[in-house]
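Work the whole structure out from these sequences, hints included.
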Amino acid sequence: MIRTVDLVKSFGENEVLKGINTEFYAGKPNLIIGLSGAGKTVLLKLLIGLFEPTSGSVFYGDTDIFDLNAKQLRAIRMNVGMLFQGNALFDSMTVGENIRFPMDMFTRKTAKEKLMRVDECLEMVNLDGVNDRFPSEVSGGMQKRVGIARALVLEPDYFFCDEPNSGLDPQTSILVDELICDLTNTHNITTVINTHDMNSVMGIGDNILLLKNGQVSWRGDKSQVLESDNETLEDFIFASPFLRRLREDALKLRHLDD
Amino acid sequence: MFLVSFFDHLGQYFLLLKSAVAKPERFSMYYKETVRQMDAIGVGSLFIVLLISVFIGMVTAVQFADQLGDSFIPSYYIGYIVRDITIIEMAPTITCLVLAGKVGSNLAAEIGGMRQKEHIDAMEIMGVNTAAYLIMPKIIAAVIMIPLLVAVSAFVSIIGGYLATVLPGSLSHTEYVLGLRSFFEPSYVRIMFVKACVFAFLLTSISCYYGYYVKGGSIELGEASTSAVVVSNVLILLFDFIIALLLT
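In the order they appear, the protein sequences are chains A and B.
For the first sequence, the positions run 340 to 597 when my numbering is used.
For the second sequence, the positions run 107 to 354 when my numbering is used.
Accuracy of the hints is not assured; some may be wrong.
To be verified - Straight line, CA to CA, 25 Å or less: simulated DSS-like cross-link-like pairs of lysine-lysine:
id : chain 1 : residue 1 : chain 2 : residue 2
1  : B       : 208       : B       : 129
2  : A       : 384       : A       : 551
3  : A       : 384       : A       : 367
4  : A       : 453       : B       : 321
5  : A       : 453       : B       : 208
6  : A       : 551       : A       : 561
7  : B       : 208       : A       : 410
8  : B       : 223       : A       : 384
9  : B       : 223       : B       : 321
10 : B       : 124       : A       : 448
11 : A       : 451       : B       : 138
12 : B       : 223       : B       : 208
13 : B       : 129       : A       : 448
14 : A       : 357       : A       : 384
15 : A       : 591       : A       : 561
16 : A       : 367       : A       : 591
17 : A       : 453       : B       : 124
18 : A       : 410       : A       : 384
19 : B       : 138       : B       : 223
20 : B       : 208       : A       : 384
21 : A       : 410       : B       : 138
If you are wondering where the hints come from, they were derived from the structure by calculation, not from laboratory data.
Next up, the structure:
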């Protein structure tokens with residue numbers, strides 16, 4: 340579990356996060372949503388320790404990561420995987436080498452063991468026969484899956500995803516969401532997903548945190564979204580007139596059922 | 107304002123170097139990266155070094171021959187001057203100025219590109235000491251390979267001088283070789299290698315620094331690359347003067 344306590348982050352005069360108190364649970368996808376500029380990416384970078392907070396704490400279990408020195412923080416990070424918005428796959432390495440990189444750096448496995456683990460990870464993300472291809476030679480959806488495989492190759496307890504659906508078509512997007520959700524449940528990982536995607540919210544949102552102007556505006560799960568009267572949430576999820584109408588119809592049906 | 111910016115950069119540069127000097131997470135990975143960089147910096151720069159060196163030698167010999175004219179100075183001095191000026195100054199300084207442009211801009215762009223594509227963040231999150239993994243192998247590779255390139259440059263420049271004077275007949279083979287063998291001062295070779303090592307360290311560490319801290323997009327990356335080359339060149343010339351003061 341990850342817990343934040345009174346987390347504040349300012350850039351000069353601009354206070355981007357204004358005291359975030361929240362928890363992210365193991366074994367279910369935790370979603371951070373909000374409009375552009377709400378502070379989602381800053382919160383994610385604080386959770387990973389890429390930014391120092393102005394004040395407040397981030398606890399991994401009982402350890403405040405901002406009390407650690409650089410070496411201790413690196414040790415914690417070896418237990419963290421991250422899927423970047425742009426995948427951040429190393430262009431000069433093949434898919435197999437990308438996935439193997441964390442093992443090359445931190446484990447004493449033999450070449451054969453590493454190869455087996457790479458194959459295992461590729462199978463886990465439903466990819467086959469792409470070991471020797473370069474990232475530029477596979478599709479955007481495949482790159483996402485390679486990114487997931489690399490992030491999970493060392494079997495981390497914490498998994499962060501920054502906009503995992505960006506640049507993907509709706510079907511691939513749903514596949515990636517389902518994959519992340521399955522892996523989170525199966526391996527009991529604490530997964531934090533930063534997303535704009537309404538399908539993700541309604542599909543895998545077991546713990547949703549809505550940010551507005553650097554504060555938590557709403558918190559709940561996908562089953563509570565439909566009936567929430569939070570205006571920001573309504574504006575975010577049901578942004579188009581079509582979706583608003585769908586929501587009204589769904590609510591009417593629910594009332595009829597009751 | 108300039109002073110504040112200068113000390114800000116200087117402090118950040120030394121902090122980066124401090125982070126870069128760390129025990130490798132996996133020695134074999136650092137070794138592989140160092141060998142890759144040795145190939146890129148050394149073998150990758152050999153052709154340009156050979157090309158500029160032969161011209162440096164030719165120009166030095168031709169201009170000195172012209173200045174000697176019909177003076178009382180023996181013509182075999184051409185070989186002697188080409189040798190010394192090449193070893194002390196031309197080979198280390200000109201080669202490293204050219205390498206600051208070729209290797210320096212390449213390193214700044216490579217590391218800056220990794221920063222922009224979040225590769226550095228990805229490595230950091232894996233727990234890799236990116237300052238050490240991305241910078242130290244490049245510095246070690248440069249400090250090994252650039253002195254070798256400088257030695258090759260000195261040798262080729264002397265051949266260039268030979269080609270430019272002996273082939274057209276303005277000097278005989280015997281005279282040029284006699285000049286090369288006259289008044290040889292072994293300590294000049296030491297100075298050449300000291301300069302080469304210092305310049306190699308400067309041009310790689312400064313270029314890596316500008317790449318590592320790049321912010322923004324492609325325009326900023328271009329600016330970082332340019333700054334890396336300009337600052338490296340200025341510091342190479344400054345340290346050229348300092349080393350000349352200290353060692354001659």
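Going down the list of hints, with the structure as the test:
1. B:208 with B:129: violated, 29 Å
2. A:384 with A:551: holds, 17 Å
3. A:384 with A:367: holds, 20 Å
4. A:453 with B:321: violated, 35 Å
5. A:453 with B:208: It is violated: about 37 Å lies between the C-alpha atoms, which goes past 25 Å.
6. A:551 with A:561: holds, 18 Å
7. B:208 with A:410: violated, 35 Å
8. B:223 with A:384: holds, 16 Å
9. B:223 with B:321: holds, 11 Å
10. B:124 with A:448: Status violated; Cα separation ~30 Å.
11. A:451 with B:138: holds, 19 Å
12. B:223 with B:208: holds, 22 Å
13. B:129 with A:448: It holds: about 20 Å lies between the C-alpha atoms, which stays within 25 Å.
14. A:357 with A:384: Roughly 15 Å separates the two Cα atoms, so the pair holds.
15. A:591 with A:561: holds, 18 Å
16. A:367 with A:591: Measuring from Cα to Cα gives roughly 30 Å; hence the hint is violated.
17. A:453 with B:124: violated, 32 Å
18. A:410 with A:384: holds, 18 Å
19. B:138 with B:223: Holds, at roughly 23 Å.
20. B:208 with A:384: violated, 35 Å
21. A:410 with B:138: Given that 25 Å is the threshold and the Cα spacing comes to 23 Å, the pair holds.
Hint compliance for this structure: hints 1, 4, 5, 7, 10, 16, 17 and 20 are broken, all remaining hints hold.
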